[in-house]
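So the protein lines, in turn, are chains A and B. 215 is the number that this note's numbering gives to position 215 of the first sequence; each next residue is one higher, with no gaps. Counting from 1 along the second sequence, just add 233 to a position and that's the residue number in this note's numbering.
One should not assume that every hint holds.
Which chain A residues face chain B? A few, computed with CB under 8 Å, are given here [unchecked claim]:
id	residue
1	Leu68
2	Leu72
3	Arg76
4	Phe185
5	Ser189
6	Val193
7	Leu202
8	Tyr204
9	Lys205
10	Leu206
11	Asp210
12	Pro217
13	Val229
14	Gly230
Which chain B residues stay away from chain A? Per the calculated CB distances, all over 12 Å, these [as the list claims (entries may be wrong)]:
id	residue
15	Ser248
16	Ile295
17	Lys297
18	Ser299
19	Glu361
20	Gln378
21	Pro394
22	Thr396
23	Ala400
24	Ile406
FYI, nobody ran anything at the bench for these hints, they're computed from the structure. We treat Cβ as the ideally placed atom computed from N, Cα and C, and that holds for glycine.
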Amino acid sequence: MEKGNGYCFSMTVPNILIFPIAIFIIFIIRILFVIHQSRKPLRNLPSKAVSTLIVLGSGGHTAEMINLIRVLQRDRFTPRVYVAASTDNMSLQKAQVLEASMVDQAGLDKLKETAKFMQIYRSREVGQSYLTSIGTTLIALVHALLLMIKIRPQMILCNGPGTCFPLCAIAFLFKVLGIRWSSIFYVESIARVKRLSLSGLLLYKLHMADLIFVQWPHLQKKYPRTLYVGCLM
Amino acid sequence: MGGGRVENDDNGVKSKKTVFVTVGTTCFDALVKAVDTLEVKEELSRKGYTHLIIQMGRGSYIPKKSTEEEGVLAVDYFTFSSSIADHLKSASLVISHAGSGSIFETLKLGKPLIVVVNEDLMDNHQCELAEELAERKHLFYGRPQTLNQTIQSMDLETLIPYTPGNAMPVAKIINRFLGFPDD
Numbered sequence: 001m002e003k004g005n006g007y008c009f010s011m012t013v014p015n016i017l018i019f020p021i022a023i024f025i026i027f028i029i030r031i032l033f034v035i036h037q038s039r040k041p042l043r044n045l046p047s048k049a050v051s052t053l054i055v056l057g058s059g060g061h062t063a064e065m066i067n068l069i070r071v072l073q074r075d076r077f078t079p080r081v082y083v084a085a086s087t088d089n090m091s092l093q094k095a096q097v098l099e100a101s102m103v104d105q106a107g108l109d110k111l112k113e114t115a116k117f118m119q120i121y122r123s124r125e126v127g128q129s130y131l132t133s134i135g136t137t138l139i140a141l142v143h144a145l146l147l148m149i150k151i152r153p154q155m156i157l158c159n160g161p162g163t164c165f166p167l168c169a170i171a172f173l174f175k176v177l178g179i180r181w182s183s184i185f186y187v188e189s190i191a192r193v194k195r196l197s198l199s200g201l202l203l204y205k206l207h208m209a210d211l212i213f214v215q216w217p218h219l220q221k222k223y224p225r226t227l228y229v230g231c232l233m
Numbered sequence: 234m235g236g237g238r239v240e241n242d243d244n245g246v247k248s249k250k251t252v253f254v255t256v257g258t259t260c261f262d263a264l265v266k267a268v269d270t271l272e273v274k275e276e277l278s279r280k281g282y283t284h285l286i287i288q289m290g291r292g293s294y295i296p297k298k299s300t301e302e303e304g305v306l307a308v309d310y311f312t313f314s315s316s317i318a319d320h321l322k323s324a325s326l327v328i329s330h331a332g333s334g335s336i337f338e339t340l341k342l343g344k345p346l347i348v349v350v351n352e353d354l355m356d357n358h359q360c361e362l363a364e365e366l367a368e369r370k371h372l373f374y375g376r377p378q379t380l381n382q383t384i385q386s387m388d389l390e391t392l393i394p395y396t397p398g399n400a401m402p403v404a405k406i407i408n409r410f411l412g413f414p415d416d
């Protein structure tokens, strides 16, 4: 009888479906493996430097990010690619000023080799409804994919603008597909005291970021997989 | 705490004390209207402030300009300026929208600050930050409708200066995570 049942089962699943199902299962296993692996510090030391993608937001977000970039070692986090929304000119300007000041300090004229500045379509403007966000997110996703194929960073640093989620999702996909392993670091904005932002929440729930930093202690208690690091401002 | 350059003038000339109102790049007519009311202006005069400068951003409400007179606040306004930092530096009191950029720029200068929350915003998470910093006594926090009460009841002596934060802990964790040695 048992043998017969087994035979019936294999008959109910057509042969054509076995291949996609197997692929699907392997894919799921691979995703779980990537999530598991992303939580652990890198075991093999990176070469001298990691290529870094820095996603800038508007106003307050950019000020926080610049505070962080200022204390990162330039020689380790290089080359640096700054990305900001195409509607936001201020942020890239601020990053250019920062990079120029760092070149001045080093007394070298290596700005062009170590820093690049790019613009990206925004998935969601401040105040835009979540419904219309779906369409704009798709456009932003395609643009983000093209950018990411070009940049293929080893590390992504972001702190909350809507532009960062598509980039992180693609970076995660690259990890799953084995195209490029990257470390994704998300620093929640200081303005978030009680709840994570939409980008932060998505990265947290979907386990897409390697590390999520928060600047207020209640936030860490509410989301235990985050790291409390105190205020950056 | 800070203030205008002529604040310590002994010649009997009334010292200049400026209130700077800033809405950043937002549209926040409710705040501009509130500071333009007689009650708020009188309350500021009573507290010893002599000048009111309003950065009104994208708002459409135009406040009334006035020049300095005995016992009346001098009022001036502009939409945007690249020298917001200078206005903050020369202010004796700052009244700001709840944007984190304006809040921390003011706190780092050690200026007394009243944050007024914009209740018209859809996703109003920004009041979280102002509430938290008010609880920690770094600033005063209010609404446009009750601004005069906030000014009336505020005691600048109770404010605790804000110690600027530090990004080093994040940088250290990232370095360790990537396998870079500690310096």
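Now for the hints, and whether the structure bears them out:
1. Leu68: Hint on leucine 68 of chain A: holds, closest Cβ of chain B at ~4 Å, below 8 Å.
2. Leu72: holds (5 Å)
3. Arg76: holds (6 Å)
4. Phe185: Result: holds, 6 Å to nearest chain B Cβ.
5. Ser189: For serine 189 of chain A, the interface hint holds, since the closest Cβ of chain B sits about 7 Å away, which is under 8 Å.
6. Val193: Cβ of valine 193 of chain A sits 4 Å from chain B, so the hint holds.
7. Leu202: violated (15 Å)
8. Tyr204: violated (16 Å)
9. Lys205: Check failed: Cβ of lysine 205 of chain A comes no nearer than 18 Å to chain B, outside 8 Å.
10. Leu206: violated (19 Å)
11. Asp210: holds (7 Å)
12. Pro217: Hint violated; proline 217 of chain A Cβ to chain B Cβ min 10 Å, cut 8 Å.
13. Val229: holds (4 Å)
14. Gly230: Check passed: Cβ of glycine 230 of chain A comes within 6 Å of chain B, closer than 8 Å.
15. Ser248: holds (31 Å)
16. Ile295: Answer for isoleucine 295 of chain B: holds, closest chain A Cβ roughly 24 Å.
17. Lys297: holds (29 Å)
18. Ser299: Non-interface label stands for serine 299 of chain B: nearest chain A Cβ at 31 Å, farther than 12 Å.
19. Glu361: violated (4 Å)
20. Gln378: holds (23 Å)
21. Pro394: holds (14 Å)
22. Thr396: The claim breaks: threonine 396 of chain B does not keep its Cβ more than 12 Å from every Cβ of chain A (closest is about 9 Å).
23. Ala400: At roughly 4 Å from the nearest Cβ of chain A, alanine 400 of chain B sits no farther out than 12 Å, so the non-interface label is violated.
24. Ile406: The assertion about isoleucine 406 of chain B is violated, with a minimum of 7 Å to chain A.
Violation of the numbered hints given earlier is confined to hints 7, 8, 9, 10, 12, 19, 22, 23 and 24; the remaining hints are satisfied by the structure.
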